[in-house]
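Each protein sequence line maps, in turn, to chains Z and P. Numbering follows our numbering, with no gaps: position 76 of the first sequence is 78. Numbering follows our numbering, with no gaps: position 28 of the second sequence is 18.
Since the hints were derived computationally from the structure, they do not count as laboratory data. Keep in mind that a hint or two might mislead.
[What the hints assert, rightly or not] Under the rule of at most 25 Å between Cα atoms (straight-line distance), these lysine to any residue pairs were calculated in the SDA-like manner:
#: 1; chain 1: Z; residue 1: 260; chain 2: Z; residue 2: 168
#: 2; chain 1: P; residue 1: 25; chain 2: Z; residue 2: 260
#: 3; chain 1: P; residue 1: 25; chain 2: Z; residue 2: 372
#: 4; chain 1: P; residue 1: 25; chain 2: Z; residue 2: 168
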Amino acid sequence: MGMTMTEKIMARHAGLESVKPGDLIEAEIDLMMGNDITAPISIKRLKDIGLTKLPYPEKFFLVLSHYAPSKDIASAAQIMISRSFAKEQQLQHYYAEGSGIEHVILPEEGWVLPGELIIGADSHSCTYGATGCYSTGIGSTDLAAAMATGRLWMQVPETYKFELTGARPQYIMGKDLILHIIGMLGGDGVLNQTMEYTGDALRTLPMEERLTMANMAIEAGAQNGIFPYDDVTEAYLNGRAKKEYTPVHSDPDAKYAKHFKIDISKIEPLVALPWSPENVRTVSEMSGETVDRVFIGSCTNARLSDLRTVASIIKGHKVACDTLIVPGSKQVYRDAMNEGLFEIFLEAGATISAPTCGACFGGFMGVLGPDEKCLSTSNRNFVGRMGHPTSKSFLANPAVAAATALTGVITHPKDVAGREVVTA
Amino acid sequence: MQFEGRTWRYGDDINTDVLIPARYLSTSDPVELAKHALEDLDPNFVKEVQVGDVIVGGKNFGCGSSREHAPIAIKEAGVSCVIASSFARIFFRNSINLGLPILECPEAVAHAEAGDVLRIDLAAGTIFNNTTGQTYQAAPFPEGVMKIIRAGGLMNSIKEEVQAREATYASAK
Chain Z
3 MGMTMTEKIM
13 ARHAGLESVK
23 PGDLIEAEID
33 LMMGNDITAP
43 ISIKRLKDIG
53 LTKLPYPEKF
63 FLVLSHYAPS
73 KDIASAAQIM
83 ISRSFAKEQQ
93 LQHYYAEGSG
103 IEHVILPEEG
113 WVLPGELIIG
123 ADSHSCTYGA
133 TGCYSTGIGS
143 TDLAAAMATG
153 RLWMQVPETY
163 KFELTGARPQ
173 YIMGKDLILH
183 IIGMLGGDGV
193 LNQTMEYTGD
203 ALRTLPMEER
213 LTMANMAIEA
223 GAQNGIFPYD
233 DVTEAYLNGR
243 AKKEYTPVHS
253 DPDAKYAKHF
263 KIDISKIEPL
273 VALPWSPENV
283 RTVSEMSGET
293 VDRVFIGSCT
303 NARLSDLRTV
313 ASIIKGHKVA
323 CDTLIVPGSK
333 QVYRDAMNEG
343 LFEIFLEAGA
353 TISAPTCGAC
363 FGGFMGVLGP
373 DEKCLSTSNR
383 NFVGRMGHPT
393 SKSFLANPAV
403 AAATALTGVI
413 THPKDVAGRE
423 VVTA
Chain P
-9 MQFEGRTWRY
1 GDDINTDVLI
11 PARYLSTSDP
21 VELAKHALED
31 LDPNFVKEVQ
41 VGDVIVGGKN
51 FGCGSSREHA
61 PIAIKEAGVS
71 CVIASSFARI
81 FFRNSINLGL
91 PILECPEAVA
101 HAEAGDVLRI
111 DLAAGTIFNN
121 TTGQTYQAAP
131 FPEGVMKIIR
141 AGGLMNSIKE
151 EVQAREATYA
161 SAK
């Protein structure tokens, strides 16, 4: 019996010839990640059992991303726990506040690689599956156990296959494809299983779009969203990969629990309404719905390509509502600045902040007030997610966010494409 | 392990953002977190919850963020057990790792109403609804999960290995 990519990665890391869905394995972990919110609990767990030295410090990545730069005294105190642990353990992979969002940084720097088994104490750690690894979110105690032993128990998930075909229409981004799937299957449509992408349409999906799609696997309940290793992956990793890697490929006779075929040429720009990413409508259906502000950022859509898309739409125009743009990492920040995107954003009246998760999780820097409505490029719109429990977040791709910023109402990007330029 | 408590009945897809809103994540102190458990969904919960009470939810309980602050907050608030039709994996693992009892049992969920008194035998996986007189059987845990429960949580299950290694560091000095 053949195996899927996920099964092969799990077998390889458990030292087994083969595994099947439902098997419990003890897996060697290649890379483990914690952030300023989740790592302090892991650090406490480790101290509680008397650990003084990490056995595999080179595998641990600590990223201060959520309440960083520190929002207040409590979050500063929390950051100090991570900082002092990084010093004590002489961590090589410590990302101080202002570095950005872990799920933007790690792929960008070439740390997450095909065939690897990765865990992160952040639910969007599934993002890394875009490069062909199995990567999943876990909690702080799981992270602590992996930090202490290099291993973690896992149950082999079933694999759902998503075969994407057809040409990608203008303005359709990875965000629309994953929203389409979540809308179709629901927030628990792939509960505790894994999503594997395949099909001709993948050729038209650059790594940035794949990262967006893998990022939101968790919003369908999935543990991971994995992409095959192909020319796009190879080109992305060329000169970027920090280590040698050995990709895996699903066998032709691998067993899939479910198989979905999606013609992406039929998909329109989409928006997820409160209070769940599964609550999906077309942008055209929601056209004219007013918003009070636009947020462009988060581990879903804050990469350079996203910011270029935004700039291409708002260049020469003025925003009609408060528009906050938060580059996902220091590198994205620098590149966007060097390319002149900041000038376009500032000229349009938008605000740019240092890289942080901030507004996406209602942490700081762009928190929503009572009944306030925000069009956001982030990944979740649960009750209270971005601020007050009565605030409302609408999730969409960066092109829709840019178009909406120009009008103050939910807008299809094609509707602002021919606008007369109002600024120099 | 046996528990008895009143039911707090919630619906499907109870996510970790409502179990503990992110605005309180600048601390990991259980006592502070417990003060805000479920406040965006049910402001009465923290005011009225009693030690031993049971949370009963529908499908996909604990979906969303990986924040362990969610099971920490409800455990510290006094909740003895969470029963749901299905659990999101990260919440499931976090709860087992922390020693917050959870049971998957769609039948018990379907017939439980707010305020029902439930008696739970965790080892047997049985849920007795005192109010209706019905008994339900929860899905058994996989063996790997039972091992962690028997050890008293995940950190306890690896403690010996870690302390043996620490001893070699000490003797090498």
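Status of each hint after checking the structure:
no., hint, result
1, Z/260 x Z/168, "holds, 20 Å"
2, P/25 x Z/260, "violated, 42 Å"
3, P/25 x Z/372, "holds, 21 Å"
4, P/25 x Z/168, "violated, 51 Å"
The earlier numbered hints that this structure contradicts are 2 and 4.
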